[in-house]
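Novice: Here is what each chain is made of, one letter per residue.
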Amino acid sequence: MSAIIDVRDVSMCFRKENEKTDTLKEFFVKLVQRRLRYTEFRALNHVNFAIQRGEAVALIGVNGSGKSTMLKLIAGVMDPTEGDVAVNGTIAPLIELGAGFDVDLTARENIFLNGALLGHNRREMQKNFDRIVDFAELWDFLDAPIRSFSSGMIARLGFAIATEVKADILVVDEILSVGDFNFAQKCHRRMEKMLSEGTTLLFVSHNTDQVKELCPRAIWLDHGNVMLDGPSAEVCDTYLEQKAQA
Amino acid sequence: MASRREQYTADKFISLFGELVKRDLRKKYRRSVLGYFWSLLNPLLMMTVMMVVFSYMFRFEIENYPLYLICGQTMFNFFNESTNMSLYSIIDNGILLKKIYVPKYVFPISRVLSCFVTMSFSLVAILIVMVFTRVQFHFTVLLFWAPMLYLLVFCCGMGLLVSSLAVRFRDVIHLYSVLTMLWMYATPVFYPIEAVPPQVVQLIRLNPMYVFITLFRELLLYGRMPGIGMWLSGAAMAALVFGLGAWVFSRLQKTFIYYI
Chain A
0 MSAIIDVRDV SMCFRKENEK TDTLKEFFVK LVQRRLRYTE FRALNHVNFA
50 IQRGEAVALI GVNGSGKSTM LKLIAGVMDP TEGDVAVNGT IAPLIELGAG
100 FDVDLTAREN IFLNGALLGH NRREMQKNFD RIVDFAELWD FLDAPIRSFS
150 SGMIARLGFA IATEVKADIL VVDEILSVGD FNFAQKCHRR MEKMLSEGTT
200 LLFVSHNTDQ VKELCPRAIW LDHGNVMLDG PSAEVCDTYL EQKAQA
Chain B
0 MASRREQYTA DKFISLFGEL VKRDLRKKYR RSVLGYFWSL LNPLLMMTVM
50 MVVFSYMFRF EIENYPLYLI CGQTMFNFFN ESTNMSLYSI IDNGILLKKI
100 YVPKYVFPIS RVLSCFVTMS FSLVAILIVM VFTRVQFHFT VLLFWAPMLY
150 LLVFCCGMGL LVSSLAVRFR DVIHLYSVLT MLWMYATPVF YPIEAVPPQV
200 VQLIRLNPMY VFITLFRELL LYGRMPGIGM WLSGAAMAAL VFGLGAWVFS
250 RLQKTFIYYI
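The listed protein sequences correspond, in order, to chains A and B.
Residue numbering for the first sequence follows numbering that gives the first Met the number 0, beginning at 0 and increasing consecutively.
Residue numbering for the second sequence follows numbering that gives the first Met the number 0, beginning at 0 and increasing consecutively.
If you're looking for bench data, these hints aren't it; they were derived computationally from the structure.
Even glycine gets a Cβ: it sits at the ideal position worked out from N, Cα and C.
One thing to keep in mind: the hints can contain errors.
[Claimed, not checked] Listed below are several chain B residues computed to face chain A (Cβ distance under 10 Å; list not exhaustive):
no. : residue
1   : Leu19
2   : Val52
3   : Ile90
4   : Val101
5   : Asp170
6   : Leu178
7   : Leu181
8   : Arg223
Let's have the full structure, built from the sequences with the hints guiding it.
Specialist: Structure follows, in structure tokens:
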């Protein structure tokens, strides 16, 4: 059986402009003067790993280690400079708080909009509608514009939409830090249930306790290199040790 | 190897377009008392203002000036509104595009489509003017949708073009408002083409907006069937601009992520 996510020798380079050229005039002036110089910034350096169907894997590492870049490559919003990222399934990303929402629309309207952006048609969303609202506990606020919602309410709605419609891969990017204790517990249970049903989980976090609890396997990235890939307890401990030394 | 691009089936596309268009329509008249009625009222009010201004200050010899005005103005307004909304469409959805894979062209195109829906409401205003000015209805009226379709294709092309350019160079946003103003004066919306010096007439005939508006007026106002040359040149202009926009957009879309 082939891996659900297969990352083969992936490198990602960004061109960092030495001086910002945001306007046409600057661009042409520099083009003429041949001053359009870039420095290469390597966010990922020959990264290799494969994730099997049903696995729960955590990506850990300090800020700027390449975690977010890796997620973007897996989500398909960017293409790698070198190498190949193969994803054999549908992805449900837990988008940043409110990114897929329109604050002027009501919760009801946002459920359908967000679902459509995640690639679900109206029929699918209708089928899951009740359960989404149940999980988000928003029956009383369905027809209020979400600009009046608290950040916890928006997080609940986002989590409910992303997890209620079945996807093969769930990508969780530091979202559990919002919402209160009850909600965090609820999300946790939901993710465990999804895992038991065969969903693949990709979890990005700084919180090594959460990582150890949810994921048997962890991949530690540092400056775009895979430092360690293995059982999460070992990887987290080595990561913490090294961080303590630094 | 299944790529994420293949997961978008026709059915999902229609849902996505549907939701995005609905969002724009809902937001447009949210919290206004008259709501969608504004799409009808606005063209009538604008027409009245322009009529007063241009009947008393500058005099043009045009038969049925109200209908002449509202035909040109409805079409030009659609062009102006739809391309201006497209202009920001990629930038506005930047956070989303950084997180999930969505076919990027749905954003400019859906905004053009939602403007097209509101323009369709405005057709009622044109009908009202036609009835009030007792214009003779000819069978040509039944072809009203053809120039509108041309215009829609043209605006989709322009929308793709300006939205992708604006991501790379924000200057385009500022430049574009000047360009549309220039474009409006270069289009016989409130003046007849005969009022233009002969040297400039040839130039104006190359203006796609002139072609679309003229087709529309011929059908509705004069009850004449435009010549085949006019139809073909309109189609060619729309197709050309659409092709250009699609080409530029597809070339630039891979780099959007670095500038949003």
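Novice: Under 10 Å, Cβ to Cβ, is where B:Val101 needs to be relative to chain A, so tell me if that hint holds or is violated.
Specialist: holds, 6 Å
Novice: With chain A as the partner, please determine if B:Arg223 meets the hint condition of a C-beta pair closer than 10 Å.
Specialist: violated, 44 Å
Novice: Against chain A, is B:Asp170 within 10 Å by beta-carbon distance?
Specialist: holds, 5 Å
Novice: Taking the least C-beta to C-beta distance, is B:Leu19 closer than 10 Å to chain A?
Specialist: holds, 7 Å
Novice: Was the hint right that B:Val52 lines chain A, CB cutoff 10 Å?
Specialist: Given a least distance of 35 Å, the restraint on B:Val52 is violated.
Novice: Given B:Ile90 was flagged as interface, is its beta-carbon under 10 Å from a beta-carbon of chain A?
Specialist: violated, 13 Å
Novice: Any CB of chain A closer than 10 Å to the CB of B:Leu181?
Specialist: It is violated, given that the least Cβ distance between B:Leu181 and chain A is near 18 Å, above 10 Å.
Novice: Go through the hint on B:Leu178 and say holds or violated, using the shortest Cβ distance to chain A against 10 Å.
Specialist: violated, 14 Å
Hint compliance for this structure: hints 2, 3, 6, 7, 8 are not met, and every other hint is.
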